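*Asks:* Here's the letter readout for the chains.
There are 2 protein chains.
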Amino acid sequence: MKTTPRILEVRTRILKKNDEIARAMRRDFERLGLLVVNIVSSPGTGKTAFLKETLARLAARGEPSAAVVGDLETDNDARRLAESGVPVRQINTHGLCHLEAEMVAEHLAGWDLAGLRYLFIENVGNLVCPTSWDLGESLRVALLSVTEGEDKPLKYPGLFNTADVAVITKIDLAEACEFDRDLARANLEAIRPGMRILETSAKTGHGLEAWLGELAGRRARLTAG
Amino acid sequence: MKTTPRILEVRTRILKKNDEIARAMRRDFERLGLLVVNIVSSPGTGKTAFLKETLARLAARGEPSAAVVGDLETDNDARRLAESGVPVRQINTHGLCHLEAEMVAEHLAGWDLAGLRYLFIENVGNLVCPTSWDLGESLRVALLSVTEGEDKPLKYPGLFNTADVAVITKIDLAEACEFDRDLARANLEAIRPGMRILETSAKTGHGLEAWLGELAGRRARLTAG
Chain A
2 MKTTPRILEV RTRILKKNDE IARAMRRDFE RLGLLVVNIV SSPGTGKTAF
52 LKETLARLAA RGEPSAAVVG DLETDNDARR LAESGVPVRQ INTHGLCHLE
102 AEMVAEHLAG WDLAGLRYLF IENVGNLVCP TSWDLGESLR VALLSVTEGE
152 DKPLKYPGLF NTADVAVITK IDLAEACEFD RDLARANLEA IRPGMRILET
202 SAKTGHGLEA WLGELAGRRA RLTAG
Chain B
2 MKTTPRILEV RTRILKKNDE IARAMRRDFE RLGLLVVNIV SSPGTGKTAF
52 LKETLARLAA RGEPSAAVVG DLETDNDARR LAESGVPVRQ INTHGLCHLE
102 AEMVAEHLAG WDLAGLRYLF IENVGNLVCP TSWDLGESLR VALLSVTEGE
152 DKPLKYPGLF NTADVAVITK IDLAEACEFD RDLARANLEA IRPGMRILET
202 SAKTGHGLEA WLGELAGRRA RLTAG
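So the sequence lines, in the order shown, correspond to chains A and B.
So the mapping is simple: the numbering used here equals the position in the first sequence, first residue as 1, plus 1.
So the mapping is simple: the numbering used here equals the position in the second sequence, first residue as 1, plus 1.
No wet-lab data here; the hints were simulated from the structure.
Bear in mind the structure is a predicted one, so any value in this text is a computation, not a measurement.
One or more of the hints may lead you astray.
The list treats identical chains as one, so a pair stands whether inside a single copy or across any two.
To be verified - Listed below are the simulated EDC-like cross-link pairs for lysine to aspartate or glutamate, each with C-alpha atoms no more than 16 Å apart in a straight line: (1) K204 <-> E176; (2) K204 <-> E179; (3) K18 <-> E179; (4) K17 <-> D152; (5) K18 <-> E200; (6) K18 <-> D183.
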């Protein structure tokens, strides 16, 4: 495409600025012992249901956490997440296909992060565009639902390759969708060898304790490091 | 965002060029009596399964059709679609989040379109970025699966607002997903009043005859007009 280099040139400058902001944020977060998790996936993978269960279970254990959630429009997700009783803020991008570090920073303004252990950022539902945007997170988690097709990691390699953990969601629907677990795992492994893969259901609770264990382990390494 | 205006300025110039190419393509397509359909949706909505069934049923009726299919990587979808026996070409965008008119034009080069009645363009799976890119189509169809959540039209209004028809897919999974049909329809209606809405299942064949009827009606109006 003749058009691509011009877009790329502008985008590269903007991404560089985003990276600088994100790096400074990550330093601040890690100094506070705060594990920041960037959750990325296709629309409809079940990010909000997964996150709502995560927040409720952390709250029940007395682990202080909070969330910011990105959508083009509506505050539906923030309202759903707030039912878990933890602080939540909505970012509306008004047409933009991803979150950027500066948007997150703006929406964290005035929040006392010092008492928190976990901060979750639910990105805009998109398997392409969030890939290149560092939000200052220490952990990037890519969700993949059993309803989506096992070949999504091969078709969207960038997003899965830049994630630290893959979470397969809606595992309760695996049979109805004729989900091929081995194929999905092999495709994830092909794109990101050695990737940690968890299978979960926000509806039945399957796999959520393992996910909380993963979070605790990651945070322990953060505060130890 | 301070960064947005610079991106927007470049993007506006590129979109304008895309629109010019797309308009010229549409004139050529319509002169040939060829109905070109741009299929947009989230990743995993079932675009390929839906399109494969469509192509097979058109072929069985002796209606010549063809397809081009966009993905970041792999030719999985082109190979699946080619099983229907019709001509198919794969476009790999290598990281780009949408198709552009020029890419479609390049991949149609050398094809004899004169004998065709329908040409389908399966866009990259993305509920945001394909919105602004006219591919020269006469019909834009947005797919929404019952597994995705009824509020997607509210959260991604641009994509649903620029579509002519909404197709609800995987209706066979409606019960397992506790899909609220009335809510989904009301949300589509709120974003695009009077929108034609079809319910389908590529697995059971539900609604596919109505969809073929819709296509035939649209093509009849095209050739009459």
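*Asks:* It remains to establish, for every hint, whether it holds in the given structure.
*Replies:* Status of each hint after checking the structure:
1. In this assembly of identical chains, K204 and E176 lie within 16 Å of each other by CA distance both inside one copy and across copies; the values are 15 Å within and 14 Å between.
2. For the homomeric pair K204 and E179, the shortest alpha-carbon distance between copies (11 Å) is at most 16 Å, but the shortest distance inside one copy (18 Å) is not.
3. For the identical chains of this complex, K18 and E179 are neighbours neither inside a copy (44 Å) nor across copies (44 Å), given an alpha-carbon limit of 16 Å.
4. When the C-alpha separation of K17 and D152 is checked against a cutoff of 16 Å, the pair qualifies neither within a copy, at 31 Å, nor between copies, at 34 Å.
5. When the C-alpha separation of K18 and E200 is checked against a cutoff of 16 Å, the pair qualifies neither within a copy, at 36 Å, nor between copies, at 45 Å.
6. Neither within a single protomer nor between protomers do K18 and D183 lie at most 16 Å apart by alpha-carbon distance, with minima of 40 Å and 45 Å respectively.
In the structure shown, a violation is registered for the earlier hints numbered 3, 4, 5 and 6, in ascending order.
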